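Quick mapping for you: the protein sequence lines, in order, are chains L and X.
So the first sequence is numbered by the numbering used here: it starts at 1 and just counts up by one.
So the second sequence is numbered by the numbering used here: it starts at 1 and just counts up by one.
To be clear, the hints were calculated from the coordinates, so they are not data collected in a lab.
Here the structure is a predicted model, which means the values were calculated and not measured.
By construction, the Cβ of each residue, glycine as well, lies at the ideal position given by its N, Cα and C atoms.
Hints are supplied without guarantee of correctness; some may be wrong.
Claimed, not checked - Under 10 Å between C-beta atoms, here's a sample of chain L residues computed to sit facing chain X:
#1 L49
#2 I51
#3 S66
#4 M72
#5 Q73
#6 F78
#7 V85
#8 L110
#9 E136
What the hints assert, rightly or not - What follows is a set of in silico ranges between Cβ atoms, one per label pair, in the way DEER data are often shown:
#10 R116/L - G389/X: 11 to 21 Å
#11 A80/X - P124/L: 36 to 46 Å
#12 L55/L - F300/X: 49 to 59 Å
To be verified - Now the stretches of chain L that chain X is said to cover, found in silico as 3 or more residues with beta-carbon under 8 Å:
#13 54-64
#14 88-100
Listed below, chain by chain, are the residues.
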Amino acid sequence: MPEMSFPLDAQPGVFIPLSGVPRLALPIDEVRVSAGFPSPAADYADNRLDINEYLIRNPVSTFFFSVEGDSMQGAEIFDGDILVVDKSIRPRHGQIVVAFVDGERLVKRLYQRGGRVALLAENPNYPPLEIRDGMELLIWGVVTGKFKNFGA
Amino acid sequence: MAAFALVDCNNFYASCEKLFNPKLKNTPIVVLSNNDGCVVARSAEAKALGIPMGVPWFKIQQEAKRHGIVAFSSNYALYADMSNRVVEILSSFSPNIEVYSIDESFLDLSGFERSGYHAYGIDIRQRVADWLGLAVCVGIGPSKTLAKLANHCAKKKLAGETGVCDFTSISPAERLALFERIEVGEVWGVGRKIAARLASMGITTVRQLHDADAETLRCRFSVVLERTVRELRGVSCLDLVEVIPDKQQIMSSRSFGTLIYERAELEEAVASYIARAAEKLRAQDALAGALQVYIRTNIFKPEVPQYQRAMTIPLTEASADTRVLTQWGVRLLRRIYRPGYGYHKAGITLMEIVPRTNQQFSLFAPTGQVSGRNDTLMTTLDSINRKYGRGALRLAAEGVTKSWQMRRENLSPRYTTEWESIARVWAR
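If we strip away everything but chain L, and leave its shape as in the complex, we get (with noise of 0.2 Å):
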């Protein structure tokens, strides 16, 4: 804050100007400016677009991953991606998921039909992995999306 005293010469009557006036900052929402034409762009105000909502329908159930590994190229998944992953979707046949197989963290599409269980990569070079009884599976929760940062 200036110093907001006033110097002891200064005549009765006489305003003075201060050396530092205090500035107060308002937000420009509150303020009505009416010079000049209007913005054509007004009306169509909007909010900026948000990576976020674009991407996590749930934030309270969502958690992110990073994928190690190549077994998911088919799927567009790609080593060093990062997954969007919702805990609160059901997990149905065909989704792509983050599983905990012993012991193991997976990301595979899962094959549910007909009392087949398996849990398929989209890379020909990884044979699709058959859920036995004996297994531990938990089916963590459904990808949603992917992200990277090219760091540029």
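On the provided structure of chain L, position chain X as indicated by the hints.
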């Protein structure tokens, strides 16, 4: 009629650890307190092995190894984030919620009885499990004390195995029969001391406390215990505490990972504690009027020379400026520091906290001219640290190496709060 629910996460810290680590599925695990001192949380498997709560880790380390128990340092960043997620989900079940601790919340369920409270409790439990993979127990009753007791019943499976216990839906006779089987110490607000005194009066079960003469209890104990008895009888005396009042004191203290002998290192520790506390102070838009610094040696090692000392100063002008507080903190420390001792713990307390709007300027201190710019600087400091992580920007007084920092040797990654720490999934 009033109805409250107490929702409590089962083995919360241990469950958070297991959530992201598939290798731990059936592994007994424990979580240790600061400096990896004592067991503060146990998974179901560790409980089944008889690992007691609060036991010093070094005492059971050998035994734990034999049983294959895995120990974790407290990963507060993870637990806090998961706790906030739980609270967010619970908030969708009731507009009135009291966050009682990191893993417990009271919900006011009045007005939600249409589908039946028990069914509502099942819904709560199911949603937390589906959305977060965490198990909770729900206790429901016409008072907070009964909700807490119902939660105990749900957890110990004394009334069904659904993980939900609703006292409003079981008959009074059934409820009393249940109370006969529960020790009085399980009642909310009845600690070990009170339980012992009650026992000397012949009151050992919840049923006996329920039947006791409230008037007598008020005279022999306190109005608090009388209220507990009324609550046990279904009369709601305690409302939800929804707004946490601003703190009157902010403390920041830690035990060190290793003993500290040098004053310079203690100064760094004190400066860091002040930085953390001042940030909290600014977050509640307040100023501190006094500052205390204390140091002490390890009181659990009577064989080494002991020393402890605390000193408080009132500030000429209340402040939330890390630099001002640090200056005073270091000055205080220099006054109380004695060489030749191995210090085990240091701490600081900000006291006489007042809202910034009530600021009383000092009559004598040079004031006014720079305080506006200070605020801007501190705001910038806080926002940089919020963005780049705690301590990204700090006073040099805090030091760089921080050799005094607490021991957290078994810390799991901050899976949900740090990009570098998110869990990896295999695409193979």
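Stated coverage of the region 54-64 of chain L by chain X [criterion: 3+ residues, CB within 8 Å]: holds (count 5)
Hint check: 10 Å Cβ-Cβ cutoff, V85/L to chain X: holds (9 Å)
Per-residue hint verdict: F78/L, partner chain X, C-beta under 10 Å: Since chain X brings a Cβ to about 8 Å from F78/L, closer than 10 Å, the hint holds.
Whether the CB-CB distance between A80/X and P124/L falls inside 36 to 46 Å: At 44 Å between Cβs, range holds.
Hint check, Q73/L versus chain X [nearest Cβ-Cβ separation less than 10 Å]: Result: holds, 8 Å to nearest chain X Cβ.
Restraint outcome when L49/L is required to lie within 10 Å of chain X by C-beta distance: Nearest chain X Cβ about 21 Å off; hint violated.
Range agreement (Cβ of G389/X with Cβ of R116/L, hint 11 to 21 Å): violated (46 Å)
Interface restraint verdict for E136/L against chain X (beta-carbon cut-off 10 Å): Hint holds; E136/L Cβ to chain X Cβ min 6 Å, cut 10 Å.
Closest C-beta approach of S66/L to chain X relative to 10 Å, hint status: The hint holds - S66/L has a Cβ within 10 Å of chain X, the shortest such distance being about 5 Å.
Hint check for F300/X and L55/L - Cβ pair distance inside 49 to 59 Å: holds (51 Å)
Per-stretch coverage check for the region 88-100 of chain L, three Cβ contacts closer than 8 Å to chain X: Since 4 is at least three, the answer is holds.
Proposed interface contact between I51/L and chain X, which counts if any beta carbon pair is under 10 Å: violated (14 Å)
Checked against the numbered hints above, the structure breaks hints 1, 2, 8, 10 and satisfies the rest.
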